[in-house]
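Protein chains: 2
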Amino acid sequence: MRRMTNPSLRVVAFGGLGDIGRNMAVLEYEDDMIIVDVGIMFPEEEMLGVDLVLPDFSYVRERAHKLRGIFLTHGHEDHIGGVPYLLREVKAPVYGAKLTIGLVEVKLREHRLANEAALNVAEPGDVIDAGAFQVEFFTVAHSIPDSCGLVIHTPMGPVVHTGDFKLDHTPVMDQHTDLIRLGQVGAEGCLLLMADSTYADTEGYTPSEELVGVSLSNIIHKAPGRVIIATFASQIARVQQIVDGAAAAGRKVFVTGRSMENNVAMARQIGYVQAPDGVFIGVDEMRKTPNSQVVVVTTGSQGEPTSALTRMANGDHRHIQIEKGDTVVISANPIPGNETAVSRNVDNLFKQGAHVLYNRLENVHVRGHASREELKIVQGLVQPEYFIPVQGEYRHLVAHAALAEAVGVPEGNAFVLTDGDILEIDEEHARVVDHAPSGYVYIDGLGIGDITQHILRDRAHLSRDGFVVVIVPVDRETSQVAGVIEVLSRGFVDIDDSEAVIEESKRVVLDALTTASHLAEIGGINTRVKDAMSKFLYDRTRRKPMVLPVTVEV
Amino acid sequence: MRRMTNPSLRVVAFGGLGDIGRNMAVLEYEDDMIIVDVGIMFPEEEMLGVDLVLPDFSYVRERAHKLRGIFLTHGHEDHIGGVPYLLREVKAPVYGAKLTIGLVEVKLREHRLANEAALNVAEPGDVIDAGAFQVEFFTVAHSIPDSCGLVIHTPMGPVVHTGDFKLDHTPVMDQHTDLIRLGQVGAEGCLLLMADSTYADTEGYTPSEELVGVSLSNIIHKAPGRVIIATFASQIARVQQIVDGAAAAGRKVFVTGRSMENNVAMARQIGYVQAPDGVFIGVDEMRKTPNSQVVVVTTGSQGEPTSALTRMANGDHRHIQIEKGDTVVISANPIPGNETAVSRNVDNLFKQGAHVLYNRLENVHVRGHASREELKIVQGLVQPEYFIPVQGEYRHLVAHAALAEAVGVPEGNAFVLTDGDILEIDEEHARVVDHAPSGYVYIDGLGIGDITQHILRDRAHLSRDGFVVVIVPVDRETSQVAGVIEVLSRGFVDIDDSEAVIEESKRVVLDALTTASHLAEIGGINTRVKDAMSKFLYDRTRRKPMVLPVTVEV
Chain A
1 MRRMTNPSLR VVAFGGLGDI GRNMAVLEYE DDMIIVDVGI MFPEEEMLGV DLVLPDFSYV
61 RERAHKLRGI FLTHGHEDHI GGVPYLLREV KAPVYGAKLT IGLVEVKLRE HRLANEAALN
121 VAEPGDVIDA GAFQVEFFTV AHSIPDSCGL VIHTPMGPVV HTGDFKLDHT PVMDQHTDLI
181 RLGQVGAEGC LLLMADSTYA DTEGYTPSEE LVGVSLSNII HKAPGRVIIA TFASQIARVQ
241 QIVDGAAAAG RKVFVTGRSM ENNVAMARQI GYVQAPDGVF IGVDEMRKTP NSQVVVVTTG
301 SQGEPTSALT RMANGDHRHI QIEKGDTVVI SANPIPGNET AVSRNVDNLF KQGAHVLYNR
361 LENVHVRGHA SREELKIVQG LVQPEYFIPV QGEYRHLVAH AALAEAVGVP EGNAFVLTDG
421 DILEIDEEHA RVVDHAPSGY VYIDGLGIGD ITQHILRDRA HLSRDGFVVV IVPVDRETSQ
481 VAGVIEVLSR GFVDIDDSEA VIEESKRVVL DALTTASHLA EIGGINTRVK DAMSKFLYDR
541 TRRKPMVLPV TVEV
Chain B
1 MRRMTNPSLR VVAFGGLGDI GRNMAVLEYE DDMIIVDVGI MFPEEEMLGV DLVLPDFSYV
61 RERAHKLRGI FLTHGHEDHI GGVPYLLREV KAPVYGAKLT IGLVEVKLRE HRLANEAALN
121 VAEPGDVIDA GAFQVEFFTV AHSIPDSCGL VIHTPMGPVV HTGDFKLDHT PVMDQHTDLI
181 RLGQVGAEGC LLLMADSTYA DTEGYTPSEE LVGVSLSNII HKAPGRVIIA TFASQIARVQ
241 QIVDGAAAAG RKVFVTGRSM ENNVAMARQI GYVQAPDGVF IGVDEMRKTP NSQVVVVTTG
301 SQGEPTSALT RMANGDHRHI QIEKGDTVVI SANPIPGNET AVSRNVDNLF KQGAHVLYNR
361 LENVHVRGHA SREELKIVQG LVQPEYFIPV QGEYRHLVAH AALAEAVGVP EGNAFVLTDG
421 DILEIDEEHA RVVDHAPSGY VYIDGLGIGD ITQHILRDRA HLSRDGFVVV IVPVDRETSQ
481 VAGVIEVLSR GFVDIDDSEA VIEESKRVVL DALTTASHLA EIGGINTRVK DAMSKFLYDR
541 TRRKPMVLPV TVEV
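Chains as they are written, first to last, in our numbering: chain A, 1 to 554; chain B, 1 to 554.
Be careful, since some hints might not be right.
Below, computed lysine-lysine pairings styled on DSSO-like, alpha-carbon distance capped at 27 Å [what the hints assert, rightly or not]:
hint: 1; chain 1: B; residue 1: 376; chain 2: A; residue 2: 351
hint: 2; chain 1: B; residue 1: 376; chain 2: A; residue 2: 222
hint: 3; chain 1: B; residue 1: 351; chain 2: B; residue 2: 222
Simulated DEER-style distance windows between Cβ atoms [said to hold, decoys possible]:
hint: 4; chain 1: A; residue 1: 457; chain 2: B; residue 2: 515; range: 45 to 53 Å
hint: 5; chain 1: B; residue 1: 293; chain 2: A; residue 2: 218; range: 51 to 59 Å
hint: 6; chain 1: B; residue 1: 475; chain 2: A; residue 2: 435; range: 56 to 64 Å
hint: 7; chain 1: B; residue 1: 439; chain 2: A; residue 2: 123; range: 27 to 35 Å
hint: 8; chain 1: A; residue 1: 112; chain 2: B; residue 2: 446; range: 48 to 56 Å
Source of the hints: derived by calculation from the structure; they are not laboratory data. Note that this is a predicted model, so its numbers are computed, not measured. For glycine and all other residues, C-beta sits at the position ideal for the given N, C-alpha and C.
This is chain A alone, in the form it adopts within the complex (with noise of 0.2 Å):
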């Protein structure tokens, strides 16, 4: 048992899986308790018909009293999409960067709780009192402006949290990562680092954000004529190397979809993007201005199935059709399990004439995240006594743990966390002393926590083989088959075609019924039919649909 006097700091640990994953860290301290971070998870394919996953925030709730502040890193959806759901349950102020409470701000409109929450902007070199911690924000490249990293100042010593980030020493916008400030935390003597994890398994360096602008804007030089640049709408900093490249072409700029208009207005606004007069045009504007002299910005980059980029590509967009002599580029690479619809998106715009460039032909796109040697410097310039890798997936995160002890950090002392692992460091060591409740919470329509893996499982079975109702009339008296059997299916088999079928089906059932020595109870009736039409269907087709017989009493 451990012993109760002795002060500790507990770090706990939710989500860090993958690039779009629910991160979320806790940090505790006797009373006193802060967040990193609270992202959501784009459903993965097996979760079917789930719009969004939330971490599981029950060790929050049950500790709401304690919680001093929330502090975001940058404005990506894997680190503010939890907001709003997290904000219904538990208050604090929340802090971040401008870029990045003004997404907050948007989000939080479109929940109707803009009101009720607490939002402020810190700048870089900005420290936050937080109960026991200290929280100190400094810049970070990445590939959102604004990104920060964190230095939470606490009794047992400073922790290093990086957000998502990478060396660029040439950086749009001049963002870099503070490599001066995480040198005096290392010279201070670190307690823990938290650092990125996404390229823990790559080698080398991640390129620069100024290769991309260089590639980008030769590729706006040369094109014969429009120019269609499809990027993450949160991609601020590529959307301003592409005005400046259309403005020295002497190109006009439109925007389109939804998200991608949004954020290039709140940027414009805030002052986060700059353009000469009359580079952004309308609609209007664009069909009167020669494709020669007109660059696009569009959403889509991820083959999302409503997104600009993929109307255009099935030609339903409603000002843009793609024509002969359109380059069209994908300034993104696409996020695991996002590759066939990027490639189909590819190959539909090649259909209709387009020039397709993405980044197996071109230099348009680099990573957001550190590659390994960028890691090693970053704990060459830390050094911390104990290390938690985060953001990554597990491969990411033992990586990058292995790392870590390769280049100092003591043998024992970095520890890979997954969901809701908990991290207790005293004076003497750090271990894993419990697991806070974790896992998936789905959001499906209006509920959030209500979709179960046994719903789940229905959904795969009848997005296999669908499904056949069977409905059975029974004299309520005799609970004899009393009328006609009918048979009702969808996703199973082709109707028309299928009669022949679904005429002896039914012949099945009845057999199945009549020929039974007593059916005594409507429960021995369904089974029965069920069993009966499972066999029969699957004889005949080899198909396995979801039987569900109904008795109706006449």
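Place chain B on chain A using the hints.
This is chain B only, laid out in the frame that chain A set:
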């Protein structure tokens, strides 16, 4: 109108959709026709419940009397998987190299067609008469032994079909691409080249299999414990390299996974996998052998749910329990669409304590297809008058056609054909003259071609939100509701948690029916029930289950 007196060669391309596409080419000259490859495609994500996808055989079926032979380049599923289905419809001799024919034989036995097919083994250099065509086999390097290209001599001139290939100068089992033969055909004057486009958008050269052999051998030598290597069951040469490495390290080899066991047994029988006595061991001997002396060769490199490696990753393989000290090697790249499943296996293996090596970390796999520089060499040797890129998604075909024209094919003579396009080549020129019936033919259970878009749409709908069946008893005389309304749902909400919603929905339906001024006919009742129920459920849950009203007359 084209002159019928002018003899012409017709080429009809089917499939050509990626690495695992429905590759099939038809060549037709007056009254003679041959087929090159008959592949299947594995279903894409939205082809719910579909087992396999075939090319459309209508064109071949209608001209079955002209068919002189089916020629198979190599034994991968995307080139031979459709043979049993085609042979149910047409009769023709089948030709291929030894291993290819061996694999087809296994398939035909499974389909109980072994006695009805004329299978013929062709050696490299063999020339087969097939009506107006003489078909010659030549060796190519690829990821399965006995891969061949074809020189098809036609009255219009020779056609070269590369099959799937790369230029491996240090191949395993001495299987070189026959550059000399390609050059001879080029010297003679080649009418048409059809060549593998899989990596037509990848710069440079594809590395040699030798590289993988060296890596695997090093891993096997250095690993402290058991080494478990997953690869494709058809990668016989890779298996030989593993066996060689194991034998050199004094280790035994255990083979697991049904298709791997079958293929290795077959390959040993025909002498394609060779090992010193006692290297291959069964399960009993494996149990007695120390881990440090064991290599396991397994299926599951693509994360297939029921494969041996996935079972190990999930801790439910019958014979192999992953232990700390195990080294697992994924000696394959994920086929597009399988990335998530593969990553999940890697993560689960790490969680169980294994050290996992995959291609990002070590050279444990090389591609089986030629990159751009190799494709240029083939163009330089063959110098065809016309060119058709095959085996690739649309963007690869476009890239390959552009490459061909850049290095010598006359402009306008490279044809990007899609599924069903008919190219006609006469003495003067070539052009697409028509389009054969084409598209996806789905196999689901015993049904071939009976899965319609309608069924797939229903399955997609069911997979998202499930369904609700509303059973309304109606008096057959008065058309009034005459009894209790029943509601049945699956995949929609958790029934126990949502009892209130379901009960309320019954009242809503009843209200909708009783307030109706006239319910003259059943159709009217059904529409009313469906509308009221759908609206109510959407308002309450923001989900849109499939709603099916059933009226039962009592």
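Each hint, compared with the structure:
1. A hinted pair counts as satisfied when its Cα atoms are at most 27 Å apart, and residue 376 of chain B with residue 351 of chain A qualifies at roughly 24 Å.
2. With a C-alpha separation of about 26 Å, the suggested pair residue 376 of chain B and residue 222 of chain A falls inside the 27 Å cut-off, and the hint holds.
3. Our distance criterion of 27 Å between C-alpha atoms is met by residue 351 of chain B and residue 222 of chain B, whose separation comes to about 22 Å.
4. Between residue 457 of chain A and residue 515 of chain B the beta carbons are some 38 Å apart, a value that contradicts the proposed interval 45 to 53 Å.
5. With their beta carbons about 57 Å apart, residue 293 of chain B and residue 218 of chain A fall inside the hinted range of 51 to 59 Å.
6. Distance hint check for residue 475 of chain B and residue 435 of chain A: the Cβ-Cβ separation is about 59 Å, which falls inside the suggested range of 56 to 64 Å.
7. Separated by about 59 Å at the C-beta atoms, residue 439 of chain B and residue 123 of chain A break the suggested range of 27 to 35 Å.
8. Distance hint check: the CB atoms of residue 112 of chain A and residue 446 of chain B are about 53 Å apart, consistent with the given range 48 to 56 Å.
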